[in-house]
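Asks: Assemble the complex: chain A is given as a structure, and chain B must be docked to it using the hints.
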Amino acid sequence: AQKITQTQPGMFVQEKEAVTLDCTYDTSDQSYGLFWYKQPSSGEMIFLIYQGSYDEQNATEGRYSLNFQKARKSANLVISASQLGDSAMYFCAMREPSYFSGGSNYKLTFGKGTLLTVNP
Amino acid sequence: DAGVIQSPRHEVTEMGQEVTLRCKPISGHDYLFWYRQTMMRGLELLIYFNNNVPIDDSGMPEDRFSAKMPNASFSTLKIQPSEPRDSAVYFCASRKDREAFFGQGTRLTVV
Chain A
100 AQKITQTQPG MFVQEKEAVT LDCTYDTSDQ SYGLFWYKQP SSGEMIFLIY
150 QGSYDEQNAT EGRYSLNFQK ARKSANLVIS ASQLGDSAMY FCAMREPSYF
200 SGGSNYKLTF GKGTLLTVNP
Chain B
4 DAGVIQSPRH EVTEMGQEVT LRCKPISGHD YLFWYRQTMM RGLELLIYFN
54 NNVPIDDSGM PEDRFSAKMP NASFSTLKIQ PSEPRDSAVY FCASRKDREA
104 FFGQGTRLTV V
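First to last, the protein sequences are chains A and B. Per this note's numbering, residue 100 is the first one in the first sequence, and the count goes up by one each step. Per this note's numbering, residue 4 is the first one in the second sequence, and the count goes up by one each step.
Hints are not guaranteed to be accurate.
Distance ranges between label pairs, derived from CB positions [stated by the list, open to error]:
| no. | chain 1 | residue 1 | chain 2 | residue 2 | range |
| --- | --- | --- | --- | --- | --- |
| 1 | B | S76 | A | K115 | 38 to 46 Å |
| 2 | B | M43 | A | R171 | 25 to 33 Å |
| 3 | A | N157 | B | E86 | 41 to 49 Å |
| 4 | B | E65 | A | S130 | 31 to 39 Å |
| 5 | B | E47 | A | E114 | 30 to 38 Å |
| 6 | A | Q113 | B | S30 | 42 to 50 Å |
| 7 | A | Q168 | B | S61 | 23 to 31 Å |
| 8 | A | G161 | B | R12 | 24 to 32 Å |
In silico DSS-like pairs for lysine-lysine, Cα to Cα no more than 30 Å straight-line [what the hints assert, rightly or not]:
| no. | chain 1 | residue 1 | chain 2 | residue 2 |
| --- | --- | --- | --- | --- |
| 9 | B | K27 | A | K102 |
| 10 | B | K81 | B | K99 |
| 11 | B | K99 | A | K102 |
| 12 | B | K71 | A | K172 |
| 13 | A | K169 | B | K71 |
| 14 | A | K211 | B | K99 |
| 15 | B | K81 | B | K71 |
| 16 | A | K211 | A | K102 |
| 17 | B | K27 | B | K81 |
| 18 | A | K211 | B | K81 |
| 19 | A | K115 | A | K211 |
| 20 | A | K169 | A | K102 |
| 21 | B | K99 | A | K169 |
| 22 | B | K71 | B | K27 |
| 23 | A | K169 | B | K27 |
Hints listed in this document are in silico derivations from the structure and should not be mistaken for laboratory results. Note that beta-carbon positions come from the ideal geometry of N, C-alpha and C, so glycine has one too.
This is chain B alone, in the form it adopts within the complex:
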């Protein structure tokens, strides 16, 4: 299996622009997590899905953030409009039984 695939790996955008991060989980995994990693706050859980249904979005920082999972093989995290404080590494992870498997992350820089 190719593992969890995230795209893009790096994204640089201007403040106010819309940013869409993409994730393809491991086939057969029924949980999908979105995390944000910063030096100050560490790894924060933003939202997670079970069988494509959003279960807990209490970690989403503001209404500017939204996430979707239209099918079992694809999820997006959208930031609109983006702000410099959104700069971070965003990880997607998927899980079936026990441990979660992480993608390589998307490093987002908002200037």
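Just chain A, with the same shape it has in the complex:
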């Protein structure tokens, strides 16, 4: 079963506008973490933002914010004032206990990604 679902294969946004990238997750654990990474065309994976399951406030990092709705199990990324350099693949990921090892370690699982294109 897919743990992280990103339903938007591709998104388009006009420069300077805001855009929301969707992410839903599936877990029965109470303690977990949610991440967003950016992968530009050059291929590297860049960490953007983190939200812990117990964090009461939505995470923010500059132009990035995470709209965390725990009951709905969603962790959408909001990019404000889009820039041309934001054009990239965006991945949502979840850190959860790895029960393969008895639950004492944590693994990081990624969604399939959303390709964001910012138009001038």
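Replies: Leaving out everything else, chain B in the frame of chain A:
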């Protein structure tokens, strides 16, 4: 810090040959992950280590794949024998506290 270092950056090999991918994690990081990225399957977790010990290798596709971490500063992912369907970008990542830091990846092409 130099970040996570992977080598080689690109590898082209013939089907049936052995391929070894290398990774040097960030010093002090106790988790190391190997991922494979393809268009069809996205980013798949193959295996990960904690303090040099393999914890979860349930993502390793077949016995042709093996990974080792002989010490805290080095890990290898070996494919023997390689097949065209192994063509992908292989990422290594390391983590200490929160987020994982990724290497630049190795683009493997098996012809």
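Asks: Would you list, in rising numerical order, the hints stated earlier that this structure does not obey?
Replies: Checked against the structure, the hints that fail are numbers 12, 13, 23, while the rest are satisfied.
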